[in-house]
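Enquirer: Line by line, the protein sequences give chains A, B and C.
Here the numbering used here is used: the first residue of the first sequence is 35, the next is one more, and so on.
Here the numbering used here is used: the first residue of the second sequence is 686, the next is one more, and so on.
Here the numbering used here is used: the first residue of the third sequence is 6, the next is one more, and so on.
You can trust all of the hints, since none of them are fake.
Derived DEER-like restraints, expressed as beta-carbon distance ranges:
hint: 1; chain 1: A; residue 1: ASP52; chain 2: B; residue 2: ASP884; range: 53 to 61 Å
hint: 2; chain 1: A; residue 1: GLY48; chain 2: B; residue 2: ALA1014; range: 29 to 37 Å
hint: 3; chain 1: C; residue 1: ALA212; chain 2: B; residue 2: ALA967; range: 34 to 42 Å
hint: 4; chain 1: A; residue 1: ARG107; chain 2: C; residue 2: GLY103; range: 44 to 52 Å
hint: 5; chain 1: B; residue 1: LYS705; chain 2: C; residue 2: VAL24; range: 56 to 64 Å
hint: 6; chain 1: C; residue 1: LYS192; chain 2: A; residue 2: GLU135; range: 36 to 44 Å
hint: 7; chain 1: C; residue 1: PRO117; chain 2: B; residue 2: ALA1014; range: 41 to 49 Å
hint: 8; chain 1: C; residue 1: GLU174; chain 2: A; residue 2: ARG107; range: 33 to 41 Å
hint: 9; chain 1: B; residue 1: VAL757; chain 2: A; residue 2: ARG107; range: 43 to 51 Å
hint: 10; chain 1: C; residue 1: LYS192; chain 2: B; residue 2: GLY962; range: 17 to 25 Å
hint: 11; chain 1: A; residue 1: PRO193; chain 2: B; residue 2: LYS1015; range: 38 to 46 Å
hint: 12; chain 1: C; residue 1: VAL211; chain 2: B; residue 2: ASP805; range: 57 to 65 Å
In short, the hints are calculated from the structure, not lab data.
Just so you know, these numbers come straight off a predicted model, no measurement behind them.
Each residue gets a CB set at the ideal place from its N, CA and C atoms; glycine is no exception.
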Amino acid sequence: MQTIEKKMRETVKGLFKDNKIDIVIGFQNGSLPKTARPYFVRSQEDIENLVWNEYCTANLATFLPKLFERPSRPKEGYKPPRIGVIVKGCDGRSVAGLIKENQAPKDSVITIAMPCSGMKSSAKNKKDKKTEVNRACVECASPVHEAADIIISGESRKPAKASYARIKAFEAKSPEQRWKAFVEEISKCIRCNACRQACPNCYCKVCFTDQRKPSWVSPAAQLSDTIVFHLGRMFHQAGRCVECDACVNACPMGIDLRLFTQKLALDSRDLFGCVPGISGDEVPAMQTFKQDDSECFITDPEEK
Amino acid sequence: MTQVALNSTNMKKLIAAMLKEGVVRAPVETEDGAIFAAITEKSAIAFDYANVKLPLKREFFPQRETVSRFGVDGMVEEKTGAKKTVLFAVRPCDVQSILYLDKVFIDDKYQDPYYQSRRDKTFIIALACSSPASTCFCESLGQGPARKSGSDVMAYKLSDSFVFEAVSEKGEAFIKKNKSIFRAVMPKELQAVAKQEADAIKKMPRFEVNIGALRQKNDPALWNSVAETCLSCGACTFLCPTCHCFDLFDEKHGDEGRRIRVHDACMFEQFTKEASGHNPRAQKGDRMRQRIMHKFSYAPENFRLMFCVGCGRCIVNCPSNIDLRETIAKVTA
Amino acid sequence: MSTIQSNPYIPAPVTVDKVFVENDAKDLKTFRLAFRNKNDEAAFKYKSGQFAMLSVPGAGESPVGIASSPLDKGYIEFTVKRYPTGVVTTAMHDLSEGDTMGVRGPLGNSFPLDELKGKNLVIIGGGFAFTTLRSTIRYLLTDAVRGDYGSITILYGARSAGELLYKSELEQWQKRGDLTTYITVDKGDDSWKGRVGLVPIVLKEVAPSAANAHCLVCGPPIMLKFTIPPLLELGFAPEAILTSLERKMSCGIGKCGRCNVGGIYVCKDGPVFAYSQIRDIPENGF
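Only chain A is shown next, with the shape it has when bound in the complex (with noise of 0.2 Å):
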């Protein structure tokens, strides 16, 4: 790792050097013991704070929509600031994702791509028990940025089979079971709001839960709200969810949503062939439709 972090090091002195970037988001060491935190490198003087270890966790894309804004008055010649993001697979399909949809401008990003080995993090993250890297990077099929501007070369994980063994499992119970657990699950939210905004997608500038001409939720936790406010997020992220788990590790209260996300990721997948972020070009599974998508939601919705 330590060859790698080096590497990193000089490849964003090099981007500073060159006057190619402005702002380069990347990690440094957390105030606790094993953990590593977001870090915004604006000179060189930031970067020997830079670093690379398997406490990474943090999902970086989550930091370009605000980044991007354009200002209410912008001054004479504004222009965007130019962003690095030091990105592991996840956050990489993330950065992809926000390009494509306008959140970000392609010439304003320059994505340095990490040979992610999996990351560990926090108690509160469910975590593989043996090794203790978290789920989402054990079940992980695209470690790497491939499609980044920069790739930084060295060991990563293998590509998991993407099986959603678990999904599938909890798909195989009775409806009222399923409803159970979601319910079970979800009763633990108090509508703290970290996972919508520890979420890259979620950048909506007034959140359908923060409406309120009309209003369709309350930011109450009674629980028609709590499962509302899920539901309406999940499937906001509906072919666009790249299961970076960044919901799941924000989450103090553990619950997991890694199995609704994944549940969503599936279906873009199998149902419309959409596994977003990858090169960026994909279209996004609700923003298009092909002649032979899957119509059995109405046709036969009893069939699995």
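Using the hints, position chains B and C against chain A.
Expert: For chains B and C alone, kept in the frame of chain A given last:
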């Protein structure tokens, strides 16, 4: 005040005594850590936890509650229906937080009847800390792992026994009423209690807050850089024992409905946004400054108290690992 | 039925007696409200400068300055602007005479008129922040009260003639001999025969004396930002400049933590503040 002891093997007797007083809520272990829950005689209470995930404020100031109902006849107050409750094995930091919230919800001019109704019906048995987490810093803020104020009884867990000390008159009455389940405290137990407190204090690193320096730092650029990686979620505020911001919200079905109160967070972007579109705290740095200043400058100004009990929940739960201790150091440097 | 005394969160029921449309754009309305219960009416003793939380059940609550004089009997008045994105203000503007609303209050502090007896008063208002100043002026012009104060100068500006509030009262004030009234608009039009000019500019032209005078000034943050420096130059001490701040509110009673400007709460420590109190607070908005 009166001190008594109880062998750990007799905990059931104490639980039975508490259950006679009302609903008993105590920490129980789950796969996500210890949480407060209603217990029965059969429950296994968790005693060896640093602190429960959620703060105690939720017992008096829930995430949501109905404030009033309205119909064709006007708006009517909703009664909380608060029941007599015993809160058992609460950490001193959480107990302190309630004393702070008392100053907000029950002041000379306006008393919050919802908060007050629960407060009046609650009896608190605190549990002194023996092993604070690395993120705890209560001692530095004038709190302490065995600080008694605010509780009715303070409990200390030793290797195979508990020591209980009455703190309030209600606590005194409880111990007297149930004196048959307790035994006399042994001198070595009192020594162990004192040592436990001293050891716990030693474990916690010092954390200084220079309020004077804090009040001088108004540079928006400094605050924006502190808040650079903040996600503007509400994890820190919702888990903070002394954060109390809320919103009132109407729900309507035809001609009827209710007004509810929900937790809110100054860290949310929409918090101060006005209908005109103007937002006095549009920048993350402004919101971060508000949170820090409220706790460490405005509260001292208004209540002579820093609104922080050093529980460390904000540090443990921030998705971007923005550490309050580092923030304070940066902005008072 | 709970009254406003027993639970500070429960509004007193009021009936909408009359609705006056104040401006050409029809998004400013004055609501004249009457208490349903005599007890509530008796308990609602207020002074100019205070506000109340106006409730439309189902929509929510909104803090609005009281526009009627404390000596007006049988009703209280509020002037409310409807914002397209405002849930409560829109709901209020959809109400008709006879409909029910709720009022919680009076809340906040007031202009310290008792302490200002004997002083000359300069009253400056901009836009629809003029409401509590209108309450103050109506009160001061009451026969029993007028003699307690020295000269009264009013300077009121709106964006255009169509946006001026309380037009009939303005006309009456201009005819009176016991006060000096300057009305101005930012932008003139064919209907307007009066003064044209931004409030801070007109203030410098008119140059009221600061001798034994206090200034009450209310307006949007941008207006305050440019009006206070000329006032200081004219010799008004920061302690003698009184203004009214506005922030979004939920509870109005100092508990929900939303409306603070620095360490002071607009609902509880304000909304009336001396400029000296708020001058050094970074987030004072001007």
